[in-house]
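Protein sequence lines, in the order shown, are assigned to chains A and B. Residue 364 in the numbering used here sits at position 95 of the first sequence; the count goes up by one each step and never skips. Residue 254 in the numbering used here sits at position 50 of the second sequence; the count goes up by one each step and never skips.
Derived from the structure by calculation, the hints contain no laboratory data. Wrong hints could be hidden among the right ones.
To be verified - Calculated pairs, SDA-like style, for lysine to any residue (alpha carbon to alpha carbon, straight line, at most 20 angstroms): (1) LYS313/A <-> LYS264/B; (2) LYS347/A <-> SER287/A; (3) LYS313/A <-> GLN249/B; (4) LYS280/A <-> GLY245/B; (5) LYS347/A <-> ALA366/A; (6) LYS313/A <-> GLU212/B; (7) LYS280/A <-> SER356/A; (8) LYS313/A <-> LYS256/B; (9) LYS272/B <-> ASP259/B; (10) LYS347/A <-> LEU329/A; (11) LYS256/B <-> LYS331/A; (12) LYS260/B <-> GLY309/A; (13) LYS272/B <-> TYR229/B; (14) LYS260/B <-> GLU246/B; (15) LYS284/A <-> SER327/A; (16) LYS352/A <-> HIS298/A; (17) LYS313/A <-> MET211/B; (18) LYS313/A <-> ASP259/B; (19) LYS256/B <-> LEU365/A; (20) LYS313/A <-> ALA231/B; (21) LYS272/B <-> SER287/A; (22) LYS284/A <-> ALA366/A; (23) LYS256/B <-> SER287/A; (24) LYS256/B <-> GLU212/B; (25) LYS264/B <-> GLU246/B; (26) LYS256/B <-> VAL383/A.
These numbers come from a predicted model, not from an experiment.
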Amino acid sequence: EAGVAQSPRYKIIEKRQSVAFWCNPISGHATLYWYQQILGQGPKLLIQFQNNGVVDDSQLPKDRFSAERLKGVDSTLKIQPAKLEDSAVYLCASSLAGSNYGYTFGSGTRLTVV
Amino acid sequence: GNSVTQMEGPVTLSEEAFLTINCTYTATGYPSLFWYVQYPGEGLQLLLKATKADDKGSNKGFEATYRKETTSFHLEKGSVQVSDSAVYFCAPKGVRTSGSRLTFGEGTQLTVNP
């Protein structure tokens, strides 16, 4: 089966600019996650979708970050305006619903804010 | 919510040495437990999992046993290879279907020298 697709692979922007990341999950996976992974740290959950509804966005900095999942398939994560501390790898993952299922991760988007 | 404590890295071993990476967790109820591996420059890959007490997950020579009494899920491999050099993440996953998510620790960097 095809994996989780993410784009772009790399992005460099200046602070205060905006940026968007795209994710296409595995077909049939109802649950989609966005994680932020700062260098040397474990991934931190930003937002979780179940189909096209938000399940948990408690750790999403909503003053600058937004995410949507149109029609319960693809998802877009946006940062506007970016700050230096947003430099990280943004990982998208999808899974079947239920605690027994692990995630399939995409390769991530490495964002550098200068 | 869930949390996880992993053995601090970095861990440096010689090829064919025995590997143990300790992992303990706190969680509500009986979570499923996962180990993920992240090779340099790549996204996270599922290594193995266990979904109930006393289950043993195994893959590629790695093993981990779900110990409910000690809330642990230690990763072991009898003979490591240079190609095992990566960052390893232990992650419990909650039991609520609509809100189940992986909680990652900080990861343990493993370097295997020839």
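Each hint, compared with the structure:
Note on LYS313/A and LYS264/B: the hinted pairing is violated, with a Cα-Cα distance of about 27 angstroms set against a maximum of 20 angstroms. Of the pairs offered as hints, the one joining LYS347/A and SER287/A holds, with about 7 angstroms between alpha carbons and a cut-off of 20 angstroms not exceeded. Using a Cα cut-off of 20 angstroms, the hinted pair LYS313/A and GLN249/B holds, with the two alpha carbons roughly 16 angstroms apart. With a CA separation close to 15 angstroms, the supplied pair LYS280/A and GLY245/B stays within the 20 angstroms bound.
Distance restraint check for LYS347/A and ALA366/A: the Cα-Cα separation of roughly 25 angstroms exceeds the 20 angstroms cut-off, and the hinted pair is therefore not satisfied. A distance of roughly 18 angstroms separates the Cα atoms of LYS313/A and GLU212/B; the hinted pair therefore holds under the 20 angstroms criterion. About 10 angstroms separates the Cα atoms of LYS280/A and SER356/A, which keeps this hinted pair within 20 angstroms; it holds. At most 20 angstroms may separate the alpha-carbon atoms for a hinted pair to count; LYS313/A and LYS256/B exceed this at roughly 25 angstroms.
At most 20 angstroms may separate the alpha-carbon atoms for a hinted pair to count; LYS272/B and ASP259/B meet this at roughly 10 angstroms. Note on LYS347/A and LEU329/A: the hinted pairing holds, with a Cα-Cα distance of about 11 angstroms set against a maximum of 20 angstroms. For the proposed pair LYS256/B and LYS331/A, the alpha carbon gap of about 36 angstroms is over 20 angstroms, so the pair is violated. Between LYS260/B and GLY309/A the CA atoms are separated by roughly 29 angstroms; this puts the pair beyond 20 angstroms, and the hint is violated.
Distance check on the hinted pair: LYS272/B and TYR229/B sit about 10 angstroms apart at the alpha-carbon level, within 20 angstroms; holds. Distance restraint check for LYS260/B and GLU246/B: the Cα-Cα separation of roughly 26 angstroms exceeds the 20 angstroms cut-off, and the hinted pair is therefore not satisfied. Our distance criterion of 20 angstroms between C-alpha atoms is broken by LYS284/A and SER327/A, whose separation comes to about 24 angstroms. For the proposed pair LYS352/A and HIS298/A, the alpha carbon gap of about 32 angstroms is over 20 angstroms, so the pair is violated.
Taking the CA atoms of LYS313/A and MET211/B, the gap is near 18 angstroms; set against the 20 angstroms cutoff, the hint holds. Only pairs whose Cα atoms come within 20 angstroms are accepted, and LYS313/A paired with ASP259/B is rejected, the gap being roughly 27 angstroms. Of the pairs offered as hints, the one joining LYS256/B and LEU365/A holds, with about 18 angstroms between alpha carbons and a cut-off of 20 angstroms not exceeded. Taking the CA atoms of LYS313/A and ALA231/B, the gap is about 17 angstroms. The hint holds against a cut of 20 angstroms.
A threshold of 20 angstroms between alpha carbons decides the hint, and for LYS272/B with SER287/A the separation of about 46 angstroms lies outside it, so the pair is violated. Distance check on the hinted pair: LYS284/A and ALA366/A sit about 37 angstroms apart at the alpha-carbon level, beyond 20 angstroms; violated. Between LYS256/B and SER287/A the alpha-carbon distance is near 44 angstroms, which puts this suggested pair outside the 20 angstroms criterion. Straight-line distance between C-alpha atoms of LYS256/B and GLU212/B comes to about 26 angstroms, which puts the hinted pair past the 20 angstroms bound.
With a C-alpha separation of about 18 angstroms, the suggested pair LYS264/B and GLU246/B falls inside the 20 angstroms cut-off, and the hint holds. For the hint linking LYS256/B to VAL383/A, the alpha-carbon distance of about 46 angstroms lies beyond 20 angstroms, and the restraint is violated.
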